[in-house]
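A.B. asks: Just so you know, we're using numbering that gives the first Met the number 0 here: the sequence shown kicks off at 0 and counts up by one.
Treat the hints as calculated values from the structure; they're not laboratory data.
Because the structure is a prediction, the values reported are computed rather than measured.
Just to be clear, a hint being listed does not mean it is correct.
[Unchecked claim] Estimated spans, in silico, between C-beta atoms of each pair: (1) Pro349 <-> Val372: 23 to 31 Å; (2) Gly313 <-> Thr43: 55 to 63 Å; (3) Gln249 <-> Ser170: 58 to 66 Å.
No residue lacks a Cβ here, since even glycine has one placed at the ideal position from N, Cα and C.
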Amino acid sequence: MNNQIKATLGIGILILGVGLWIVMAGAGTGGLSQGGFTTVKRGTLKMALTERGTLKTRNATRIRSEVHGRTQIEWMVDEGKKVVEGEVLVQLEKTEVQRRVDQLENELISIETNLNSARTDLIIQQDRNKTSLEKAKLSLEVAQVEKEKLLLGDIPKQERSLALAIEKAESELVRAEGLWEDMPEMLEKGFVTQDQFEQERINLKEKREGLVTAKQEQKLYDDFEKPLSIKQKAAGVTEALRNVEMETRQADTLIGNLKVKVNQSERALMESQEELDREKYDLDRMTIVAPVAGVIFYGNPDRPWDRDDIRVGGDARYNQIIQTIPDPKEMAVMIKVHEADIDKIATEMPAVIRSEVQKGRVFEGEVMKIDSVANAGDRRWGDQVRRFNVEVRLMGSDLDLKPGTSAEVEINIGEIEDVVYVPLQAVHAESGNYYCYLKTASGHEKVPVQVGRSNESFLEIIIGLVPGQEILLYRPDASESTDQIQKTPNGEPTGEQSSLQIDESDFMVLLSAESDFS
Numbered sequence: 000m001n002n003q004i005k006a007t008l009g010i011g012i013l014i015l016g017v018g019l020w021i022v023m024a025g026a027g028t029g030g031l032s033q034g035g036f037t038t039v040k041r042g043t044l045k046m047a048l049t050e051r052g053t054l055k056t057r058n059a060t061r062i063r064s065e066v067h068g069r070t071q072i073e074w075m076v077d078e079g080k081k082v083v084e085g086e087v088l089v090q091l092e093k094t095e096v097q098r099r100v101d102q103l104e105n106e107l108i109s110i111e112t113n114l115n116s117a118r119t120d121l122i123i124q125q126d127r128n129k130t131s132l133e134k135a136k137l138s139l140e141v142a143q144v145e146k147e148k149l150l151l152g153d154i155p156k157q158e159r160s161l162a163l164a165i166e167k168a169e170s171e172l173v174r175a176e177g178l179w180e181d182m183p184e185m186l187e188k189g190f191v192t193q194d195q196f197e198q199e200r201i202n203l204k205e206k207r208e209g210l211v212t213a214k215q216e217q218k219l220y221d222d223f224e225k226p227l228s229i230k231q232k233a234a235g236v237t238e239a240l241r242n243v244e245m246e247t248r249q250a251d252t253l254i255g256n257l258k259v260k261v262n263q264s265e266r267a268l269m270e271s272q273e274e275l276d277r278e279k280y281d282l283d284r285m286t287i288v289a290p291v292a293g294v295i296f297y298g299n300p301d302r303p304w305d306r307d308d309i310r311v312g313g314d315a316r317y318n319q320i321i322q323t324i325p326d327p328k329e330m331a332v333m334i335k336v337h338e339a340d341i342d343k344i345a346t347e348m349p350a351v352i353r354s355e356v357q358k359g360r361v362f363e364g365e366v367m368k369i370d371s372v373a374n375a376g377d378r379r380w381g382d383q384v385r386r387f388n389v390e391v392r393l394m395g396s397d398l399d400l401k402p403g404t405s406a407e408v409e410i411n412i413g414e415i416e417d418v419v420y421v422p423l424q425a426v427h428a429e430s431g432n433y434y435c436y437l438k439t440a441s442g443h444e445k446v447p448v449q450v451g452r453s454n455e456s457f458l459e460i461i462i463g464l465v466p467g468q469e470i471l472l473y474r475p476d477a478s479e480s481t482d483q484i485q486k487t488p489n490g491e492p493t494g495e496q497s498s499l500q501i502d503e504s505d506f507m508v509l510l511s512a513e514s515d516f517s
């Protein structure tokens, strides 16, 4: 195993060395000369913004569970299968639901029979002793209104009053603590007397005790007074209801019993019918079929972390997305753009997309949507960096991409014409100034430069170099303290400590120079 690793590392180092030799030898095409030099060039500098994001479908058909509650998944079609419209996708376990449907249908027959019998008996006695019964009902309504008044008026009013008292006590305590904080120093310097000092101490203690008292009053109300008031009003309603029943029995015991029986039967009938309708609704939706043709993906591609919950034997919740049928013709990449770069992009800007799955393909696209508010969900405690959600649509119809996978988006934000530019690694920072190493007959010369804008690979030179000059791609003297130029999120150059050797990022910059600016 160690020999294989060593062999792999040796091959990698060999390929890296050959790549460096090819890049440095390609002075005719990429502007690089042998020995780690490059030629200062004048031309058009392409500006681009590169971000990574997640592929999503813009027009997906989501297969949801319409069964109330949790239901076990009995069977599902295989993920990745191409299905046709009307094909069965999911079968939920229906044995228990079917049993409840049969039971409820039998109960309904019995309830309807009892209800019809009670209504027939009630008609015979319905007009007797109407006055006393109406009076008892009026008392019941008054008790109910008083209970509602307590719940909706008196209690909220008292709670607001107690909360205001606490807030006032807290405010006074904060004010007293602020005055007390400077009292020892003021007493020491003679700005206040001992009596004033003692008065402020007593005042602070009073405010603290006042806050404790206000909170205790609120607790007493919440724990004792409010529950007691509610129970009293509820007891009043109960007592009034008993009076209605008593008046009904006194007037005609039979009519009272029949009313109760009718009401109970009607309520039972309504509840049983509603429950039966719900069970039949669920039963009809336990076999889920494809509304459209397409390829099946488990779960919601926008929430890939929930995918493991979608399995045979697992539970499906109401309205949960079980499967998704994406439209391969409508794909987009969701990226997050730094707040310093957001003003550089606009809708309909062209973009190039590279998928992590299909690395050999390059897709054309355009910016479709830019959020007007920064996304605060990704910020950590104390992190002031904000990013905006940006949607980039992929062009074309033969995309064949999987939602939820990663992709890289390069947005073309414009070009700077007729500028002098050099590779980023050819410029170094030292004590706030920028330098390049100019190739001379005797070796090299350190020359100061004024830099401008930059992209991922190249940096604009405003003053200090002219096209055709040759400069070093590295810092030749390790004893000199210089910094290699990096690019900040807003495109401005900055310095970070560099090394004598050209690292892997330098190879990538040199290689990109040959393809983008030759």
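A.B. asks: For each hint, tell me whether it holds in the structure or not.
C.D. replies: Now for the hints, and whether the structure bears them out:
no., hint, result
1, Pro349 <-> Val372: 23 to 31 Å, "holds, 25 Å"
2, Gly313 <-> Thr43: 55 to 63 Å, "holds, 57 Å"
3, Gln249 <-> Ser170: 58 to 66 Å, "holds, 60 Å"
The structure shown violates none of the earlier numbered hints.
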